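Q: Sequence:
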Amino acid sequence: MPAEHRMADSASSQVLEAREALNILFEISKLLNTGLDRETLTICIQLCENGVNPEALACVVKEIRREVTAISQGEKQK
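Heads up, the sequence shown is in the working numbering, so the first residue is 14 and it goes up one at a time.
A hint or two may mislead.
[What the hints assert, rightly or not] Across the chosen pairs, the derived CB separations fall in these ranges:
1) S23 x V73: 47 to 57 Å
2) K43 x S85: 14 to 24 Å
3) D22 x V81: 35 to 45 Å
4) L29 x G87: 39 to 49 Å
5) E76 x S23: 32 to 42 Å
6) K89 x S26: 45 to 55 Å
7) I84 x S25: 35 to 45 Å
Please keep in mind that the hints were generated in silico from the structure rather than gathered at the bench. The structure displayed is predicted, hence computed values, not measured ones. Note that beta-carbon positions come from the ideal geometry of N, C-alpha and C, so glycine has one too.
All chains, please: the whole structure from these sequences, using the hints.
A: In structure tokens:
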């Protein structure tokens with residue numbers, strides 16, 4: 014098999030593995046009732062892969078949720 018085909022197969026295999034890993038993480042996320050959609054989970058994974066502290070990221074996500082809830086409740090009271 015020529016080198017180009019092996020490289021293409023390898024890249025295709027890596028894409029499939031990454032997609033399967035995301036699917037597994039998304040299922041775990043749903044089981045844990047995180048409320049994260051697939052896009053948000055992907056962003057969180059990318060941030061962690063780039064060195065962001067997962068615990069700090071979790072705190073930020075929780076704080077954003079609290080603020081969104083507070084804003085939503087404030088709008089309902091108007």
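Q: Range first: 35 to 45 Å. Now tell me if the beta carbons of D22 and V81 are that far apart.
A: 44 Å, holds
Q: Can you tell me whether the CB distance of K43 to S85 sits inside 14 to 24 Å?
A: 23 Å, holds
Q: Would you say the C-beta atoms of I84 and S25 sit inside 35 to 45 Å of each other?
A: 44 Å, holds
Q: With respect to the beta-carbon atoms only, verify the hint that L29 and G87 lie 39 to 49 Å apart.
A: Given a distance of about 45 Å, which is inside 39 to 49 Å, the answer is holds.
Q: Take the C-beta atom of K89 and the C-beta atom of S26, compute their distance, and say whether it sits inside 45 to 55 Å.
A: Roughly 50 Å apart at Cβ, these two residues keep to the hinted range, so it holds.
Q: Is 32 to 42 Å right for how far apart the beta carbons of E76 and S23 are?
A: 41 Å, holds
Q: So the hint says 47 to 57 Å: do the beta-carbon atoms of S23 and V73 match that?
A: 35 Å, violated
Consistency with the previously given hints fails for number 1 only.
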